[in-house]
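Trainee: Chain by chain, the residues run as shown.
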Amino acid sequence: MDLQIQKESNATAVTITGRLDAVTAPEYEKKFNELIAGAETCFVVDFDQLDYISSAGLRVLLATAKRLKVKGGQIRFANVKGAVKEVFDISGFGSIFQMDDSVEAALANLPA
Amino acid sequence: MITVEHLSKKFGDLVVLKDISIEIKKGEVIAIIGPSGTGKSTFLRCLNLLDRPSSGSISIDGVDILDAKADVPKVRQKMNMVFQSFNLFSHLSVLENLTIGPVKLRGMGTREVEQKAMHLLKLVGLAEKADNYPDELSGGQKQRVAIARCLAMDPEIILFDEPTSALDPTMVSEVLSVIRRLAKEGMTMAIVTHEMDFARDVSNRVLYMDEGRIYEEGTPRQIFENPRREKTRAFIDRIRSFNYRIGSPEYDLYAMNAEIEAFCEKQILPRKTRHNLLLLVEELLQIYNPYLSATLLDLTLAYSEKKETLELVCESTGEAINPLDPNLLPDELGLTIIDSLAQSIAYSRVNDKNRITVLMNKG
Chain A
232 MDLQIQKESN
242 ATAVTITGRL
252 DAVTAPEYEK
262 KFNELIAGAE
272 TCFVVDFDQL
282 DYISSAGLRV
292 LLATAKRLKV
302 KGGQIRFANV
312 KGAVKEVFDI
322 SGFGSIFQMD
332 DSVEAALANL
342 PA
Chain B
13 MITVEHLSKK
23 FGDLVVLKDI
33 SIEIKKGEVI
43 AIIGPSGTGK
53 STFLRCLNLL
63 DRPSSGSISI
73 DGVDILDAKA
83 DVPKVRQKMN
93 MVFQSFNLFS
103 HLSVLENLTI
113 GPVKLRGMGT
123 REVEQKAMHL
133 LKLVGLAEKA
143 DNYPDELSGG
153 QKQRVAIARC
163 LAMDPEIILF
173 DEPTSALDPT
183 MVSEVLSVIR
193 RLAKEGMTMA
203 IVTHEMDFAR
213 DVSNRVLYMD
223 EGRIYEEGTP
233 RQIFENPRRE
243 KTRAFIDRIR
253 SFNYRIGSPE
263 YDLYAMNAEI
273 EAFCEKQILP
283 RKTRHNLLLL
293 VEELLQIYNP
303 YLSATLLDLT
313 LAYSEKKETL
323 ELVCESTGEA
333 INPLDPNLLP
343 DELGLTIIDS
353 LAQSIAYSRV
363 NDKNRITVLM
373 NKG
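Taken in order, these protein sequences are the chains called A and B. For the first sequence, the numbering used here puts the final residue at 343, and the numbers step up evenly by one. For the second sequence, the numbering used here puts the final residue at 375, and the numbers step up evenly by one.
Rather than coming from a laboratory, the hints here were simulated on the basis of the structure. Just so you know, these numbers come straight off a predicted model, no measurement behind them. In this text, a Cβ means the ideal position worked out from N, Cα and C, and glycines have one as well. It is possible that some hints are incorrect.
Claimed, not checked - Computed footprint of chain B on chain A; a stretch qualifies when at least three of its residues, placed anywhere within it, have a C-beta under 8 Å from a C-beta of chain B: (1) 251-259; (2) 286-297; (3) 312-321.
All chains should be modelled from the sequences, with the hints used to inform the complete structure.
Mentor: The following block contains the structure:
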């Protein structure tokens with residue numbers, strides 16, 4: 232699993248690559264918490280390059296989103312598709328998170 | 013064509029073949045399967061006298077080849093062999109590998125032999141490699157040259173001793189397709205192979221060897237779908253199933269995934285099925301995780317091509333407990349995913365072990 236961070240004008244775009252599973256979920260959580268601790272408050276997570284997600288991955292997405300909410304932050308998910316979207320739909324996560332078809336759309340839908 | 017009666021082979025005190033009797037008719041393709049070390053290769057090597065049988069008889073077209081007066085080199089010309097490790101002559105070009113036998117052993121003219129060799133190389137798709145040397149070829153190419161070299165001697169029967177076992181999986185199909193073609197053209201062949209789908213497709217008869225004997229024989233359908241005898245059944249079940257034991261919470265998920273992927277590859281399961289299987293296994297193991305420091309978990313995947321079903325069985329030691337009981341789970345996420353991927357989930361207690369059986373959805 233790899234996380235690429237890109238600062239945009241109104242948010243931090245995080246591109247996640249590979250798998251978000253029981254092995255890589257702790258690493259995602261650690262890196263994301265570092266970003267939140269670094270006073271970042273608005274995030275777009277790009278799932279375009281993510282091949283696989285399990286419940287372990289869903290849990291850290293939820294935990295980090297909750298942590299962000301406590302700080303008054305916002306998060307949107309972009310390009311959730313294929314097998315990853317199926318897991319989101321099965322688990323009901325598709326209705327919990329704000330989802331967009333592209334990073335650009337997600338950035339546009341975040342407050343300025 | 014070949015009649016083997018009461019063949020046995022010992023190496024010192026070690027009895028490798030006991031009382032093998034079989035007839036191979038012209039045009040038959042015999043697949044020889046079985047666990048390693050049960051004498052399959054030794055049987056082939058006895059047929060063409062690379063190993064001398066300890067007792068019994070082998071007749072080819074009525075001629076007893078174990079007779080002291082038998083012309084062994086002539087036998088070997090009728091019956092040629094393709095080896096697991098190719099055994100090409102490394103100092104000769106591909107073309108020379110094919111021509112040396114007919115020229116030196118049959119006294120044929122070089123031009124005629126070269127023409128035939130080029131024709132055979134075309135048949136195996138390697139005409140452009142005629143002037144290359146073996147070390148310039150891939151494993152699959154070497155084996156195809158080995159088959160062409162065999163054909164250059166106009167054999168009546170070809171023995172294949174695990175022709176694809178030394179090959180990278182990506183090269184196996186190119187060699188199998190050449191062998192399939194030979195089968196279609198009516199070549200008599202005996203093939204020791206671990207490629208079960210190939211054995212089933214290409215052969216008329218399957219010999220399952222075990223305990224140094226032909227333990228069971230039958231049509232491919234009989235052997236692969238309805239094996240009668242216990243060890244044959246166990247062997248056929250094993251090749252269609254995958255087993256993995258987990259003894260601690262620190263198991264290597266990715267190492268296990270790699271083995272599961274290899275199993276899926278062998279069963280030619282579609283990509284989506286593989287993905288769902290890996291997800292199902294991970295979710296089950298995550299649910300078992302709290303118990304893994306005190307229990308042994310045996311995971312078995314069994315694929316039935318006939319029913320197109322994939323079944324997972326998790327068997328764990330320890331007190332009677334159903335790990336999938338929702339009351340025992342911290343949240344429902346894992347179980348929700350498992351439910352969506354499964355046709356059925358059942359818990360039972362068998363021989364003091366907890367057993368979860370999951371039948372995966374098709375597609």
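Trainee: Please name the hints from earlier in the document that this structure breaks, with their numbers sorted from lowest to highest.
Mentor: none
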